[in-house]
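Take the sequences, apply the hints, and build the full model.
Each residue of the sequence shown is one higher than the last, beginning at 109 in our numbering.
Treat the hints as calculated values from the structure; they're not laboratory data. Heads up, a few of these hints could be off.
[To be verified] 30 Å max Cα-Cα, derived DSSO-like pairs, lysine-lysine:
| no. | residue 1 | residue 2 |
| --- | --- | --- |
| 1 | Lys169 | Lys403 |
| 2 | Lys172 | Lys127 |
| 3 | Lys407 | Lys172 |
| 4 | Lys110 | Lys172 |
| 5 | Lys407 | Lys373 |
[To be verified] Distance ranges between label pairs, derived from CB positions:
| no. | residue 1 | residue 2 | range |
| --- | --- | --- | --- |
| 6 | Thr482 | Ala124 | 57 to 63 Å |
| 7 | Glu394 | Pro190 | 29 to 35 Å |
| 8 | Pro453 | Lys407 | 19 to 25 Å |
| 9 | Lys407 | Asp313 | 23 to 29 Å |
| 10 | Glu394 | Gly196 | 36 to 42 Å |
| 11 | Ala496 | Leu323 | 34 to 40 Å |
| 12 | Asp143 | Thr482 | 50 to 56 Å |
| 13 | His402 | Ala374 | 51 to 57 Å |
| 14 | Thr377 | Ala496 | 30 to 36 Å |
| 15 | His293 | Gly314 | 43 to 49 Å |
Heads up, the beta-carbon is just placed ideally off N, CA and C, and yes, glycines get one too.
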Amino acid sequence: MKTGIDRLLADPALLAQLKGRRVALVAHPASVTSDLQHSLDALIAAGVTISSAFGPQHGLKGDKQDNMVETADEMDPHYGIPIFSLYGEVRRPTGQMMTSADVFLFDLQDLGCRIYTFVTTLLYLLEEAAKAGKEVWVLDRPNPAGRPVEGTLLVPGQESFVGAAPMPMRHGLTMGEMGHWFIEHFSLDVAYRVVAMEGWRPDEDGSWGWPTSRLWINPSPNAANVNMARCYAGTVMLEGTTLSEGRGTTRPLEVLFGAPDIDAKAVLTEMHRHAPEWLAGCAIRECWFEPTFHKHAGKLCNALMIHAEAGFYEHHAFKPWRLQALGFKAIRRLYPSYPLWRDFPYEYELSRLAIDVINGGPSLRQWVDDSAATSHDLDVVASHDEAAWVQMVRGHLLY
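Spelled out as structure tokens, the structure:
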């Protein structure tokens, strides 16, 4: 399989279209070629005139650990070009930043989830390129979560940096495909092209989105492996709760929850009782951890670990968003007065609960807190939205 950057570097005709033009690269640590050379180094070695680089959330170097930890602009000490932060003083490229290049190459490894902010960064770049008359190329990469779609659509008016548009939590697209949908949905007049992958088969048995021959490199500090990428469309919701998502451990965002005052076995039993079909496609085991930082730091937490990997994983049966919702529902049933929802500023949204920002509206939280609401109630709403999304984007699929 060849990613977009590998295809670009191997195609003299494509490289010739960049000759004599100032080129900017949007990248992070996972922006590497098949032989693990960073895209910035590889492009410059290939003779491309890189005039600037941009880093998304967590930075070009991927060194910023948590949400709302900003990165400053800097000069690259080796190449002497400006490196602009799109998660610092601004999250949208400024007009001055846009003057630094003629063509913008977007080469970010995504996780296939609406809340993962790289997808919003792509939209903002396309919007600003349309205003400035600039060209955008997406150097496409695999969606490690594959094609399955899951979750309710973001409600119009609930947009944020973790919710760019009315899409479901698990969107099933590559960044190149998403760019095409953004242009259609927002009626953008922008010069856009996708350097498509070669040989990516998202429904190939065994890989299911992430080629088994390809090395995993963290696109952000807590995205440590493919298991995390598969679970993320569900486990990211823990960021809007008082429950630990495993930050401060070696397996963040791979647990259904962790807390010092909740009986994990009892929660799992209640989940099986309420909606056993939502536990399909993975293995879940009880475990314990003590976070070294973040929520419940220094406290022993009882937890449920999700294994959507090895022989336990069934790609089309695994529903991480429903699984996580079910975990919340079980906790609410067992501990009715538990302070589940964390009230704090989340991704610069100050007036809404974090769980509502994450889900693009209050419906998930309301379903969890409604003692009369059943799994069928949530499934009906989500299934309708999922079908609508699949129909909406089907014309933009490239693979």
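**Asked** Taken at face value, is the distance from the CA of Lys127 to the CA of Lys172 at most 30 Å?
**Response** It is violated: about 34 Å lies between the C-alpha atoms, which goes past 30 Å.
**Request:** Take a look at whether the Cβ-Cβ distance between Glu394 and Gly196 falls inside 36 to 42 Å.
**Result:** With a Cβ separation near 41 Å, Glu394 and Gly196 satisfy 36 to 42 Å, so the hint holds.
**Item:** Agreement of Lys169 and Lys403 with the hint, judged by alpha carbon distance not exceeding 30 Å
**Value:** OK: Lys169 and Lys403 at ~25 Å, within 30 Å.
**Request:** Indicate whether the distance between the beta carbons of Ala496 and Leu323 respects the range 34 to 40 Å.
**Result:** Because 36 Å falls inside the window, the suggested range holds.
**Prompt:** Is 43 to 49 Å a correct range for the gap between the Cβ atoms of His293 and Gly314?
**Reply:** Since His293 and Gly314 have Cβ atoms about 33 Å apart, the given range 43 to 49 Å is violated.
**Message:** A range of 29 to 35 Å was offered for this pair. Does it hold for the Cβ distance of Glu394 and Pro190?
**Reply:** 50 Å, violated
**Prompt:** In this structure, is the beta-carbon distance linking His402 and Ala374 contained in 51 to 57 Å?
**Reply:** For Ala374 against His402, whose Cβ atoms are near 24 Å apart, the range 51 to 57 Å is violated.
**Cβ distance range 50 to 56 Å for Asp143 and Thr482, holds or violated** = 52 Å, holds
**Range hint 23 to 29 Å (beta carbons of Lys407 and Asp313) holds or violated** = With a Cβ separation near 42 Å, Lys407 and Asp313 fall outside 23 to 29 Å, so the hint is violated.
**Request:** With respect to the beta-carbon atoms only, verify the hint that Thr482 and Ala124 lie 57 to 63 Å apart.
**Result:** Once the Cβ atoms are compared, 60 Å apart, the range 57 to 63 Å for Ala124 and Thr482 holds.
**Item:** Restraint check for Lys407 with Lys172, where alpha carbons must lie at most 30 Å apart
**Value:** 24 Å, holds
**Request:** State, for the Cβ atoms of Thr377 and Ala496, whether the hinted interval 30 to 36 Å holds or is violated.
**Result:** 35 Å, holds
Violated hints, listed in ascending order, are 2, 7, 9, 13, 15; each of the other numbered hints is respected by the structure.
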